[in-house]
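**Q** Below are the chains, spelled out letter by letter.
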Amino acid sequence: MAVVETKGLTKVFKKGELGAVNDVNLTTQEGEFLVFLGPSGSGKTTLLRMIAGLETPTSGQILIGGQDVTHLSPRERRIAMVFQSYALYPHLTVYKNIAFPLKAQKVPKEQHKQKVEWAAGLLGIEKLLHRKPRELSGGERQRVALARAIVREPTVFLLDEPLSNLDAKLRTSAREELEQFHSRVKTTTIYVTHDQVEAMALGDRIVVLHQGVVRQIGTPKEVYDDPADTFVATFLGSPPMNLIPEERDIVGFRPEHLLPASLISPDQRVSMHFHFSHEEYLGAERILYGSLADKRFEAKDVISRLPSRVEASFEPGSIVEFAVPRNELKFFDRATEKRSEPRVISWQ
Amino acid sequence: MARGRVRELLVEGGRWAVVVSFSVALAFPFYWMLITTFKQDADLYNTANNPFIFNLKPTLVHLQVLFRDTMYLRWAGNTALVGALVVLITLVLSLPAAYALARLTGKWGERMGIAMFLTYLVPPTLLFIPLSRVVALLGLQDTIWSLVFVYPSFTIPFSTWLLMGFFKSIPRELEDAAMVDGLTRFGAFVRLVVPISISGILTVVIFTFTLVTQEFVYALTFIAPERNQMVGVGVPTFLIRGDVYFWGELMAACLITSLPIALLYNLFLDRFIAGFTVGAIK
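Those protein sequence lines, which keep their order, are chains H and Z. Residue numbering for the first sequence follows our numbering, beginning at 132 and increasing consecutively. Residue numbering for the second sequence follows our numbering, beginning at 64 and increasing consecutively.
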């Protein structure tokens, strides 16, 4: 197990263009599950591939376990990586796939069988050892890829969107398996995904990336409840946070906090006129679409997320009094879009 | 119901008609070579005979002439030796070249690949004149080494091009995985890329060998002595004397030379070409 650290890590693919990764400084904790989260093109995979040694950084440093590995080849870094496609070797059986890293790193042959069986046992694939990758299902392939990664007991695990090729149902169970797997082996893990649900569910901490820049590092609760800027605020959460331009600030609040005014105690509420347009019924909750009726907001679209147990019906086109609890308002600077000091506002 | 059944039968019949006619057309030359090999001259030259069957008793005399009175075996040996050496040289040079062009040189790799393919398009009928000077300067004239030296000039571009296509179809993540798993790039090439591309490599082997056996211009112009001939030149040169064609011997030589290659094609191409990388990625 080891700590991974990057210092001023930058990757520029084409001179003169904006870097794919720009000045990234981060440090994992021992045995941590760290998630890189960002939309496609945010540089998260490039960042991971630099840590793996598959891309050369333009500038900056990478340290694994305190040792500078910036100029070491992938095989000298004692890491294991699971790829998006799993990258199983198609001409080898599952057994030989798992034994491949042992062979490549010249582990004495007598130990192969025992180690392969240990890794296969950990992932429950003992019965598949004689098969070829093409004879496996998606979930089985993922387990083989994990077994191949764990077999030589690496110091760090790197996972590049390992669930994105599974169907929705399988993805949930595979996610659980990953969680259990990590709690068993407790190896420092870096996990790349564009799926916020995966990131929230799996991560001890989340690194939110956008255009190659780290926007925020924090626990799932921190990045959700205390977003550092408007990008993080809108990227996490579905539907995204409502953002209302207001003088020199942007005021944000989550859809689940925008409720009929009667549900919030009078001394807490910041009220607004909600011009209701239509709703989506999703079983456990309802998503209400509308806009702010006050003229100065220029009919800004807002979304409310109402638990289904709240029984209230709204006429399309009607104007209803809605409110947000005062302490749920987040303030962002209008110029920099970064978080700013909260202040007292009244919108009525 | 009945009409559907009739339609089905017609479609099925049509399929068989196509398959059978193609098979007959393709197998016919072999049949022709085979029957001519064993026919007596009197049978061959009588125009009143039905040419598709034995009208007189089959004979082994043509085979005896071929093996006893010509250097056919020697020519076949020369061809096999040149073929094997050229295949070896081609693989040793074009495997790394194709990998480098497919993976490592970026935009320029593609352009160089195209440039190499263009050289393949210059016909030997033009090139043999300057090349004969080169061969003479190197003192290789009248030996099979002149061909071992010259043949790679067209087998390498062709093979490099073919292998490039194969290497490009291998997902990069496989090599990344192999490098993370503890191999160098060269190790990943030898232990992963080559075994996965075995179908492409076999194709190169067979194609290169075929190109060597059927090449005519260089083999004719660079080598004069009878004992150093390639089979493709020796057979027509020494079995056609003036306007006398030794049909039985010619056909026997063609049959014996072409059968192994035909068998090789059937054995390997079918088995390896499809579905080899299925399952590597989803």
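The hints are simulated quantities; they were obtained by calculation from the structure and are not laboratory data. Among these hints, one or two may not hold up.
What the hints assert, rightly or not - List time: in silico DSS-like cross-link candidates among lysine-lysine, alpha-carbon distance up to 27 Å:
| # | chain 1 | residue 1 | chain 2 | residue 2 |
| --- | --- | --- | --- | --- |
| 1 | H | Lys-263 | H | Lys-240 |
| 2 | H | Lys-244 | H | Lys-227 |
| 3 | H | Lys-240 | H | Lys-258 |
| 4 | Z | Lys-120 | H | Lys-145 |
| 5 | Z | Lys-231 | H | Lys-145 |
| 6 | H | Lys-263 | Z | Lys-231 |
| 7 | H | Lys-352 | H | Lys-317 |
| 8 | H | Lys-244 | H | Lys-263 |
| 9 | H | Lys-227 | Z | Lys-231 |
| 10 | H | Lys-461 | H | Lys-426 |
| 11 | H | Lys-237 | H | Lys-263 |
| 12 | H | Lys-234 | Z | Lys-170 |
| 13 | H | Lys-146 | H | Lys-234 |
| 14 | H | Lys-461 | H | Lys-431 |
| 15 | H | Lys-138 | H | Lys-431 |
| 16 | H | Lys-246 | H | Lys-227 |
| 17 | H | Lys-146 | Z | Lys-120 |
| 18 | H | Lys-431 | H | Lys-469 |
What the hints assert, rightly or not - Derived, one-sided and incomplete: chain H residues facing chain Z with beta-carbon distance under 8 Å:
| # | residue |
| --- | --- |
| 19 | Arg-206 |
| 20 | Tyr-226 |
| 21 | Pro-456 |
| 22 | Asn-458 |
| 23 | Leu-460 |
| 24 | Phe-462 |
In this text the structure is predicted, and so the values were computed from the model without any measurement. Ideal Cβ positions, reconstructed from N, Cα and C, are used throughout, including at glycine.
**Q** Against each hint, give a clear statement of whether it holds in the structure.
**A** Going through the hints against the structure:
1. Between the alpha carbons of Lys-263/H and Lys-240/H the distance comes to roughly 22 Å, so the proposed pair stays at or under 27 Å and holds.
2. With a CA separation close to 10 Å, the supplied pair Lys-244/H and Lys-227/H stays within the 27 Å bound.
3. The suggested pairing of Lys-240/H with Lys-258/H holds, with an alpha-carbon distance near 22 Å, which does not exceed 27 Å.
4. Straight-line distance between C-alpha atoms of Lys-120/Z and Lys-145/H comes to about 79 Å, which puts the hinted pair past the 27 Å bound.
5. Proximity of Lys-231/Z to Lys-145/H is assessed by CA-CA distance (about 23 Å); at most 27 Å being required, the pair is judged to hold.
6. Taking the CA atoms of Lys-263/H and Lys-231/Z, the gap is about 22 Å. The hint holds against a cut of 27 Å.
7. Our distance criterion of 27 Å between C-alpha atoms is met by Lys-352/H and Lys-317/H, whose separation comes to about 22 Å.
8. Distance restraint check for Lys-244/H and Lys-263/H: the Cα-Cα separation of roughly 18 Å lies within the 27 Å cut-off, and the hinted pair is therefore satisfied.
9. For the hint pairing Lys-227/H with Lys-231/Z, the CA-to-CA distance comes to about 24 Å; that is within 27 Å, so the pair holds.
10. At roughly 22 Å between alpha-carbon atoms, Lys-461/H and Lys-426/H fall within 27 Å of each other, so this suggested pair holds.
11. Distance hint between Lys-237/H and Lys-263/H is fulfilled; the C-alpha atoms sit about 23 Å from each other, no more than 27 Å.
12. For the hint linking Lys-234/H to Lys-170/Z, the alpha-carbon distance of about 35 Å lies beyond 27 Å, and the restraint is violated.
13. For the given pair, Lys-146/H sits about 40 Å from Lys-234/H by alpha-carbon distance, which is inconsistent with the 27 Å threshold.
14. Of the pairs offered as hints, the one joining Lys-461/H and Lys-431/H holds, with about 17 Å between alpha carbons and a cut-off of 27 Å not exceeded.
15. Under the criterion of a C-alpha separation no larger than 27 Å, the hint pairing Lys-138/H with Lys-431/H is inconsistent with the structure, at around 41 Å.
16. Under the criterion of a C-alpha separation no larger than 27 Å, the hint pairing Lys-246/H with Lys-227/H is consistent with the structure, at around 12 Å.
17. Between the alpha carbons of Lys-146/H and Lys-120/Z the distance comes to roughly 82 Å, so the proposed pair goes past 27 Å and is violated.
18. A hinted pair counts as satisfied when its Cα atoms are at most 27 Å apart, and Lys-431/H with Lys-469/H qualifies at roughly 21 Å.
19. The interface hint given for Arg-206/H holds, since its Cβ lies 4 Å from the closest Cβ of chain Z, which is under the 8 Å cut-off.
20. The interface hint given for Tyr-226/H is broken, as the beta carbon of that residue sits about 15 Å from the closest beta carbon of chain Z, more than 8 Å.
21. Violation of the interface hint for Pro-456/H is found here, the shortest Cβ-Cβ separation to chain Z being roughly 46 Å, above the 8 Å cut-off.
22. The criterion of a C-beta within 8 Å of any C-beta in chain Z is not met by Asn-458/H, whose closest approach is roughly 47 Å, and the hint is violated.
23. The closest approach between the C-beta of Leu-460/H and any C-beta of chain Z is roughly 45 Å, which is over the 8 Å cut-off, so the hint fails.
24. The criterion of a C-beta within 8 Å of any C-beta in chain Z is not met by Phe-462/H, whose closest approach is roughly 44 Å, and the hint is violated.
When each numbered hint is compared with the structure, violations occur for hints 4, 12, 13, 15, 17, 20, 21, 22, 23 and 24.
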